[in-house]
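Protein chains: 2
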Amino acid sequence: MTDAGDRVKVVTNDEAVEGVLMPSESGKVVVKLESGYNIGIDKKKVKEIKVLEKYKKSEPAKAKVEAKKGLPTIAILHTGGTIASKVDYRTGGVVARFSPEELLEMFPELKEIANIKSKLVFQMFSEDMEPEHWQILAKEVQKEVDNGVNGIIVTHGTDTMHYTSSALSFMLENIPIPVILVGAQRSSDRGSSDAYDNVVSAAQFILKSDFAGVAVCMHKNMEDSACLIHLGTKVRKLHSSRRDAFKSVNVLPIAEVAREGKITILNKNYPKKGNKKFNLLDKIEKKVSIVKIHPGFDYKLLEFYENNGYKGLIIEGTGLGHLQTAVLDKNTEHHKKILETVRRICSKIPVVMTSQTLFGRVEMNVYSTGRDLQNAGVISGEDMLPETAFVKLAWLLGNYPKEKARELIGKNLRGEISERTDIRSTL
Amino acid sequence: MTDAGDRVKVVTNDEAVEGVLMPSESGKVVVKLESGYNIGIDKKKVKEIKVLEKYKKSEPAKAKVEAKKGLPTIAILHTGGTIASKVDYRTGGVVARFSPEELLEMFPELKEIANIKSKLVFQMFSEDMEPEHWQILAKEVQKEVDNGVNGIIVTHGTDTMHYTSSALSFMLENIPIPVILVGAQRSSDRGSSDAYDNVVSAAQFILKSDFAGVAVCMHKNMEDSACLIHLGTKVRKLHSSRRDAFKSVNVLPIAEVAREGKITILNKNYPKKGNKKFNLLDKIEKKVSIVKIHPGFDYKLLEFYENNGYKGLIIEGTGLGHLQTAVLDKNTEHHKKILETVRRICSKIPVVMTSQTLFGRVEMNVYSTGRDLQNAGVISGEDMLPETAFVKLAWLLGNYPKEKARELIGKNLRGEISERTDIRSTL
Numbered sequence: 001m002t003d004a005g006d007r008v009k010v011v012t013n014d015e016a017v018e019g020v021l022m023p024s025e026s027g028k029v030v031v032k033l034e035s036g037y038n039i040g041i042d043k044k045k046v047k048e049i050k051v052l053e054k055y056k057k058s059e060p061a062k063a064k065v066e067a068k069k070g071l072p073t074i075a076i077l078h079t080g081g082t083i084a085s086k087v088d089y090r091t092g093g094v095v096a097r098f099s100p101e102e103l104l105e106m107f108p109e110l111k112e113i114a115n116i117k118s119k120l121v122f123q124m125f126s127e128d129m130e131p132e133h134w135q136i137l138a139k140e141v142q143k144e145v146d147n148g149v150n151g152i153i154v155t156h157g158t159d160t161m162h163y164t165s166s167a168l169s170f171m172l173e174n175i176p177i178p179v180i181l182v183g184a185q186r187s188s189d190r191g192s193s194d195a196y197d198n199v200v201s202a203a204q205f206i207l208k209s210d211f212a213g214v215a216v217c218m219h220k221n222m223e224d225s226a227c228l229i230h231l232g233t234k235v236r237k238l239h240s241s242r243r244d245a246f247k248s249v250n251v252l253p254i255a256e257v258a259r260e261g262k263i264t265i266l267n268k269n270y271p272k273k274g275n276k277k278f279n280l281l282d283k284i285e286k287k288v289s290i291v292k293i294h295p296g297f298d299y300k301l302l303e304f305y306e307n308n309g310y311k312g313l314i315i316e317g318t319g320l321g322h323l324q325t326a327v328l329d330k331n332t333e334h335h336k337k338i339l340e341t342v343r344r345i346c347s348k349i350p351v352v353m354t355s356q357t358l359f360g361r362v363e364m365n366v367y368s369t370g371r372d373l374q375n376a377g378v379i380s381g382e383d384m385l386p387e388t389a390f391v392k393l394a395w396l397l398g399n400y401p402k403e404k405a406r407e408l409i410g411k412n413l414r415g416e417i418s419e420r421t422d423i424r425s426t427l
Numbered sequence: 001m002t003d004a005g006d007r008v009k010v011v012t013n014d015e016a017v018e019g020v021l022m023p024s025e026s027g028k029v030v031v032k033l034e035s036g037y038n039i040g041i042d043k044k045k046v047k048e049i050k051v052l053e054k055y056k057k058s059e060p061a062k063a064k065v066e067a068k069k070g071l072p073t074i075a076i077l078h079t080g081g082t083i084a085s086k087v088d089y090r091t092g093g094v095v096a097r098f099s100p101e102e103l104l105e106m107f108p109e110l111k112e113i114a115n116i117k118s119k120l121v122f123q124m125f126s127e128d129m130e131p132e133h134w135q136i137l138a139k140e141v142q143k144e145v146d147n148g149v150n151g152i153i154v155t156h157g158t159d160t161m162h163y164t165s166s167a168l169s170f171m172l173e174n175i176p177i178p179v180i181l182v183g184a185q186r187s188s189d190r191g192s193s194d195a196y197d198n199v200v201s202a203a204q205f206i207l208k209s210d211f212a213g214v215a216v217c218m219h220k221n222m223e224d225s226a227c228l229i230h231l232g233t234k235v236r237k238l239h240s241s242r243r244d245a246f247k248s249v250n251v252l253p254i255a256e257v258a259r260e261g262k263i264t265i266l267n268k269n270y271p272k273k274g275n276k277k278f279n280l281l282d283k284i285e286k287k288v289s290i291v292k293i294h295p296g297f298d299y300k301l302l303e304f305y306e307n308n309g310y311k312g313l314i315i316e317g318t319g320l321g322h323l324q325t326a327v328l329d330k331n332t333e334h335h336k337k338i339l340e341t342v343r344r345i346c347s348k349i350p351v352v353m354t355s356q357t358l359f360g361r362v363e364m365n366v367y368s369t370g371r372d373l374q375n376a377g378v379i380s381g382e383d384m385l386p387e388t389a390f391v392k393l394a395w396l397l398g399n400y401p402k403e404k405a406r407e408l409i410g411k412n413l414r415g416e417i418s419e420r421t422d423i424r425s426t427l
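The listed protein sequences derive, respectively, from chains A and B.
Going by this note's numbering, the residue at position 355 of the first sequence is 355; the numbering climbs one at a time, nothing skipped.
Going by this note's numbering, the residue at position 77 of the second sequence is 77; the numbering climbs one at a time, nothing skipped.
Everything labelled a hint here was simulated from the structure, so no lab data went into it.
Do not rely on the hints blindly, as some may be mistaken.
A pair counts as met if it fits within one copy or between any two copies, since identical chains are not told apart.
As the list claims (entries may be wrong) - Here are the computed lysine-lysine pairs in the DSBU-like style, where the Cα-Cα straight-line distance is at most 35 Å:
#1 K337 with K44
#2 K247 with K117
#3 K337 with K402
#4 K143 with K119
#5 K311 with K283
#6 K286 with K272
#7 K262 with K45
#8 K117 with K143
#9 K404 with K43
#10 K287 with K411
#11 K404 with K276
#12 K300 with K404
Please work from the sequences and hints to get the whole structure.
This is the structure in structure tokens:
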């Protein structure tokens, strides 16, 4: 008799596979390999499943963690994702198991440097996270600020971590402490997991820096030698699986945290601790979307947004912030319709141009295409990432009147628009 | 009296600006600065415009270019863009001026190494390029192949150059010669233009390599020290303005071309000259689009594609190829609707998953989200760029029956899917 969680050897005519048995799926025996990846084997092909070791439910550690006087306090807010997938992977079910005791078991070094308090806010993969979850999370952060903690670590799935870091950046105006989002590209129960370094580096940065804002802490490279602290509005997941998937775009990361805890500031331009009034602005407009331009783009898609009550739109254009507008021949006659539709939508709602190049700045004065689009009412997203521009517009429309949102979208509020280091290209 | 094209000094109360006068725009005097960027100055503020040098229309060179025996022949097909914007910028109008004589004037070294023939196919910015233009261009390439040229350079705007390079890659099956797309991030009339190096490096590569296929040649870095040859299906514009904006994604570039013409092969895995039958497959299905996933994504957008006769859809998902599908709480109840809609659309048309991380591979067997999407009928786009997957699906649906298109989308045809170097992650 086998149970999910057992260490097994599955034998077929072709092969023998060792790993942890997962709940079966539609006619397949699923085994989690040592590498952490799952393999599904057709049940019909299975000749034998040998149990190598029965699954033992680990007892939660009993030792009560006592607050040590003199040590700073870090709150860890858990939202799920790969970093929290230890239990999920073993049993196939999503079980909340993050008491402070268990966490300290996983990261024993943490209790040497800080008093850790831990709260499970969600247990979800980040691709399922919705704007409403950003609001709940922002409120939880506010509670911990009120509790007087020295910093907050948010564990998070990596898929949409940069959307959440942008959302928290805007919602938590003048936050007086560091809030560091941390994920993992390999689950914490694997020997090769990047979770440990990311969490401990985030804690080191919280304790040693004067940063007050929202950032992401992830691996610098494929090795475990250092982590980087990225500003929450300038970071993006740029690889589907590598541990150094997160990159700062158009700016340097704020800092590097070496494995022994040494902090090297790479970019002094970050929000610092001060006495500004902390303000939670957690409203969000959900009728905002991102539309990606491509050859063959259909103006009817723009009409979809117009006809479905959308309040704001981010265009992911080409190059310096373009889309097809010139009528040159019979194949481009519909470009007139595109430009007309853009103009009509812009008269109703804010439409913001970003670039699918991701790196670089939108420059809508260089070519006639950009000037035509500006004349039609499209607003330059400057050097904002499309994802950050999307979150910012949804947030602005939630918290400000439409005209104020239009005015603020091109203004730098949380480091999301960087200084223009190139020569002046527009008036 | 001033004319567009004159070298002028524009004096206001605040400043004096020198440059080339451009046609004025909506109450503004427009001056092209030495840097190549345009500046617009409110006409009301202008105190004086001094003409420093009248615009002289340059006479087309008279010398007839004669074919030299023994030299190979390169055909240059012009489509427009920044690289062709010399004249456009001076007068504000788009004038076709690319006789072989003028081209040799701009790139005199070319005639030392090859007989050059030149044809103006389009004069457009690439953001205006539509799938029909890919078809026209592919036919022009075929003509030159029939003419027996040794290689083809396509000058092209950079915004959508990677869409076109993908389209030509698929349309020109077993092309027996190299077709190299070349653009510029600064127009050819600027001292700082990258056009010269890109064109000459493309020519060097054509003459010295056994490559037979479609590639892009652009700068390796910010300096003019070397250019890179990127496979047409694995390249993407990743910066809005830098000359090294084009990067190979998930593979190494094919080769580096040093300024003195030395070729270094970086990736041996490229299509080589041989005796396979050259085949033009230039049909294309226009009802294909790319939809980008984000938190707050609305299933009604998927219904738009369903209700508007779309024949194929590329999803730009998160991470390993995800979108919101799990129902966890009241904020995720609509995920059921999303998954239902995905399942319904997949029963009608091919829906292909790619990742907005751009780098890395879609892996839909690792998490339950990916498995749910596969069960719903979503096809993995492997490590194809979203833009390449989009072009490929449109091309497949144009040239093959739907079921064949479904089968071929996940198979490597033109180097668009790279070898899996990671461990086996699926069965």
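Hints, one by one, checked against the model:
In the homo-oligomer, the alpha carbons of K337 and K44 lie at most 35 Å apart only across protomers (33 Å), although the nearest pairing inside one protomer, at 57 Å, exceeds that limit. Taking the shortest alpha-carbon separations for K247 and K117, only the intra-copy value of 29 Å comes in at or below 35 Å, while the best inter-copy value is 44 Å. In the homo-oligomer, the alpha carbons of K337 and K402 lie at most 35 Å apart both inside one protomer (26 Å) and across protomers (30 Å), since each shortest distance falls under that limit. For a Cα distance limit of 35 Å, the shortest separation of K143 from K119 inside one copy, 12 Å, qualifies, whereas the shortest one across copies, 68 Å, does not.
Taking CA atoms no more than 35 Å apart as the test, K311 paired with K283 passes inside one copy only; the shortest distance there is 14 Å, against 38 Å between copies. For the identical chains of this complex, K286 and K272 are intra-copy neighbours only, at 31 Å inside a copy versus 51 Å across copies, given an alpha-carbon limit of 35 Å. In the homo-oligomer, the alpha carbons of K262 and K45 never lie at most 35 Å apart, since the shortest distance is 53 Å inside one protomer and 55 Å across protomers. In this assembly of identical chains, K117 and K143 lie within 35 Å of each other by CA distance solely inside one copy; the values are 13 Å within and 71 Å between copies.
For a Cα distance limit of 35 Å, the shortest separation of K404 from K43 across copies, 29 Å, qualifies, whereas the shortest one inside one copy, 60 Å, does not. Only within a single protomer do K287 and K411 lie at most 35 Å apart by alpha-carbon distance; the minimum there is 22 Å, versus 37 Å between protomers. In this homomeric assembly, K404 and K276 come within 35 Å of each other (Cα to Cα) only inside a single copy, at 22 Å, whereas the closest approach across copies is 62 Å. When the C-alpha separation of K300 and K404 is checked against a cutoff of 35 Å, the pair qualifies both within a copy, at 28 Å, and between copies, at 29 Å.
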